[in-house]
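Peer 1: Here is how the chains run, residue by residue.
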Amino acid sequence: DAGVTQSPTHLIKTRGQQVTLRCSPKSGHDTVSWYQQALGQGPQFIFQYYEEEERQRGNFPDRFSGHQFPNYSSELNVNALLLGDSALYLCASSLGGGDQPQHFGDGTRLSIL
Amino acid sequence: GQQVMQIPQYQHVQEGEDFTTYCNSSTTLSNIQWYKQRPGGHPVFLIQLVKSGEVKKQKRLTFQFGEAKKNSSLHITATQTTDVGTYFCAAPSGWGKLQFGAGTQVVVTP
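Residue numbers (my numbering), protein chains in the order written: chain A, 739 to 851; chain B, 5 to 114.
Keep in mind the hints are simulated off the structure, nothing from the lab. All values reported here derive from a predicted model rather than from experimental measurement. The C-beta atom is built at its ideal place from N, Cα and C for all residues, glycine as well. Careful, some of the hints might be misleading.
Claimed, not checked - A few chain A residues that face chain B, going by a derived Cβ cut-off under 10 Å, partial list only:
id: 1; residue: G754
id: 2; residue: Q755
id: 3; residue: Q756
id: 4; residue: N797
Claimed, not checked - Residues on chain A that point at chain B, a partial pick, calculated with CB under 8 Å:
id: 5; residue: A776
id: 6; residue: G780
id: 7; residue: Y788
id: 8; residue: G796
id: 9; residue: P799
id: 10; residue: H841
id: 11; residue: S849
Isolated chain A, as found in the complex:
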C-alpha cells in the first residue's frame, strides 16, 4: 500500500525562478493538501484540492498555485521565487475533503539562492 510520494526530494533555485512540485496521494485517498514548513515551525496550510478544485486556501499570495489531476495527484507551482520561499513543502492526502486526518509525504526541500 503506497503512501504519499513527493518529487523531487530536494531542489535548488534562484530568486525570480519558477518551480513545480509533485505529489501522489496515498492509495484510496482523493484529497491533497499542501503545507509549507519553515525550519523550527509548524506546517502552514497553503491550499487543499478536492474533486480537482481548490477548496480552501491559506494566507499565501497568488504566486502559489496548484492543480489536481483526475487520478488525484497534484502539483504545487510557485512563481517569482523569493528567498523567503525556502522551506520544506509537504503534501498530505486524506479522503473526502474537509478536516480528515492528514497523511504526509516526506516533503520537498526547496532552497532559494
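Given the coordinates of chain A, work out where chain B should sit on it, guided by the hints.
Peer 2: Frame of chain A; chain B shown alone:
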C-alpha cells in the same frame, strides 16, 4: 482570526519521567488532531479528539480534549528515547484548512 498556541516550546526530559504538553485555541474547536514529527521526518498523525472532555490513550500517551473544546493536552508517561521529536496539535480553521501550532520539541536524556 483563530490562534493555536502550544506550550512549552521545548521540553527536556530524563528517560523514565513523565511530561505534558498543552495546546490552546482562541476559539471553540470542532475537533483537534495531534501529530508527531521525528527529526528529519514528516508529521505523522497520532489521534483526533472530537467530543468535549474526551480522553484517549495510546500505550504511554494520553490525549485529552477540554470541556470547553478550546484546549487539549498530551501526557507521556515513562518517557523513552523513541519519544524524541516535535509534537504538534492541529485544529480546523475553515473547511479543509488545518491550522498547526508551533509544536513542542521533546529531547530525551538517557
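Peer 1: How about H841/A: closest beta carbon in chain B under 8 Å, or not?
Peer 2: It holds, given that the least Cβ distance between H841/A and chain B is near 7 Å, below 8 Å.
Peer 1: Would you settle whether the hint for Q756/A is holds or violated, based on the nearest Cβ-Cβ distance to chain B being less than 10 Å?
Peer 2: 25 Å, violated
Peer 1: A closest beta-carbon separation below 10 Å is what the hint needs, so does N797/A meet it against chain B?
Peer 2: Hint holds; N797/A Cβ to chain B Cβ min 9 Å, cut 10 Å.
Peer 1: Taking the closest Cβ pair, is P799/A under 8 Å from chain B?
Peer 2: It is violated, given that the least Cβ distance between P799/A and chain B is near 17 Å, above 8 Å.
Peer 1: Measuring from the C-beta of A776/A to each C-beta in chain B, is the shortest one below 8 Å?
Peer 2: It is violated, given that the least Cβ distance between A776/A and chain B is near 11 Å, above 8 Å.
Peer 1: Take the shortest C-beta to C-beta distance between G796/A and chain B; is it under 8 Å?
Peer 2: 6 Å, holds
Peer 1: A closest beta-carbon separation below 8 Å is what the hint needs, so does S849/A meet it against chain B?
Peer 2: S849/A check fails; min Cβ-Cβ to chain B is 16 Å, beyond 8 Å.
Peer 1: Under 8 Å, Cβ to Cβ, is where G780/A needs to be relative to chain B, so tell me if that hint holds or is violated.
Peer 2: 4 Å, holds
Peer 1: Can G754/A be said to touch chain B, with a Cβ gap under 10 Å?
Peer 2: 29 Å, violated
Peer 1: Do the numbers back the hint for Q755/A, that is, is its least Cβ distance to chain B under 10 Å?
Peer 2: Violated, because the Cβ-Cβ distance from Q755/A to chain B comes to roughly 25 Å (cut-off 10 Å).
Peer 1: Report holds or violated for the interface hint on Y788/A, using the least CB-CB distance to chain B and a cut-off of 8 Å.
Peer 2: 7 Å, holds
Comparing the model with each numbered hint stated earlier shows that hints 1, 2, 3, 5, 9 and 11 do not hold.
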